[in-house]
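**Student:** So you can see what is in the structure, the chains are spelled out below.
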Amino acid sequence: MISDRDKKIIKHLQEDLPLDSRPFKNIAEKVGMEERELLKRIEEMKEEGMLRRLGAVVHHYQAGFAYNAMGCWRVPQEMIDEAGKKMSCYREVSHVYQRPSHPPHWPYNLFTMIHGHSREDCEGIAESMAEETGISEYTLIYSLREFKKTSMKYF
Amino acid sequence: MDSIDKKLLNIMQKDFPLSSTPYKDLGEMLGISEEDVINRLGKYKKEGLIRKIGGIFNPRSLGYKSTLVALEVKEGKLEDTASFINRYQEVTHNYQRDHTFNLWFTLIAPSRERIKEIIDSVERLPGVRKCMNLPSVKMFKIGAYFSLDEEGEREEQKSDQ
Chain A
1 MISDRDKKII KHLQEDLPLD SRPFKNIAEK VGMEERELLK RIEEMKEEGM LRRLGAVVHH
61 YQAGFAYNAM GCWRVPQEMI DEAGKKMSCY REVSHVYQRP SHPPHWPYNL FTMIHGHSRE
121 DCEGIAESMA EETGISEYTL IYSLREFKKT SMKYF
Chain B
156 MDSIDKKLLN IMQKDFPLSS TPYKDLGEML GISEEDVINR LGKYKKEGLI RKIGGIFNPR
216 SLGYKSTLVA LEVKEGKLED TASFINRYQE VTHNYQRDHT FNLWFTLIAP SRERIKEIID
276 SVERLPGVRK CMNLPSVKMF KIGAYFSLDE EGEREEQKSD Q
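Heads up: the sequence lines are chains A and B, in that order.
Each residue of the first sequence is one higher than the one before, counting from 1 in the working numbering.
Each residue of the second sequence is one higher than the one before, counting from 156 in the working numbering.
Hints listed in this document are in silico derivations from the structure and should not be mistaken for laboratory results.
A couple of the hints might just be wrong.
Per label pair, the in silico range of CB-to-CB distance [said to hold, decoys possible]:
#1 R242(B) with E131(A): 41 to 47 Å
#2 E37(A) with D191(B): 28 to 34 Å
#3 S188(B) with G32(A): 31 to 37 Å
#4 K149(A) with P265(B): 35 to 41 Å
#5 E29(A) with F239(B): 36 to 42 Å
#6 E47(A) with R279(B): 42 to 48 Å
Ideal Cβ positions, reconstructed from N, Cα and C, are used throughout, including at glycine.
Bound conformation, chain A alone (with noise of 0.2 Å):
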């Protein structure tokens, strides 16, 4: 279970730090606790694995990411972990998820995003993939227009 201090510290780290000299002591007044304990706190959640990361969300489109595909392959069950494993390897390859397929609409099961410079880089960066895994069954797949990118907000 959560603990009711927790769920207000969170509630308030899931929002945008203040651009001012003491963002956690802000944020430490409004929870009613101290700001070294705040912050020991939040190491914690670090740790234990709450909290995944604490800093900057950047756009990648503006970054300059301007292409990114979900690659997606059909891997046989035996060779899941072995491809997984491998596709994480590669610096390009941000997510690597085994979903469920759905045949016969369906057949992929390893899910991968893929970032290059162009569409020919994503390409390349697949093709390469396939090569040292050996999954020459896959397919590209590229974002169109997005109609909605927010981070979630918990309690």
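On the provided structure of chain A, position chain B as indicated by the hints.
**Tutor:** Only chain B this time, still in chain A's reference frame:
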């Protein structure tokens, strides 16, 4: 964008100082003043380079459930379907993609029941031909930060797995 900007953006994505004076500490790392750090960060936000400075939490460890949903939506019904979906605060991302499954969205909710309720309501929309629920079975890698090197070339590294 100068080399300080690039360094600052890199540090901001992975090693934001957990101290009482984080912006002052960042300034010390880069050899600039606290005020300069704050001004630069304010500028990035204004320009939309950074969306926010804050915490990214692990939904699972907070007791939340999440999934990815793909839809095949009839031509001409895409906008209506997308705006129906966007109304749910549990929907965090929603994209049109170049595939027969042309609308993809992610859901984070406090329970499996709530996830099912939302998917059911979307599935019943007149424009929706097919609907696939794709909850993750196994996570191999998640999240990345994007670093800018001295030449302004992009480089991506994993932040956590």
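**Student:** Determine for every hint whether it applies to the structure shown.
**Tutor:** Hints, verified against the model:
Taking the beta carbon of each, R242(B) and E131(A) are about 44 Å apart, inside 41 to 47 Å as hinted. A C-beta distance of roughly 30 Å is found between E37(A) and D191(B), which places it inside the suggested range of 28 to 34 Å. Against the hinted window of 31 to 37 Å, the Cβ-Cβ separation of S188(B) and G32(A) comes to about 32 Å, which satisfies the hint. Taking the beta carbon of each, K149(A) and P265(B) are about 21 Å apart, not inside 35 to 41 Å as hinted.
A hinted range of 36 to 42 Å holds for the C-beta pair E29(A) and F239(B), which are about 40 Å apart. At about 44 Å, the CB distance of E47(A) to R279(B) agrees with the hint of 42 to 48 Å.
Checked against the numbered hints given earlier, the structure breaks only hint 4 and satisfies all the rest.
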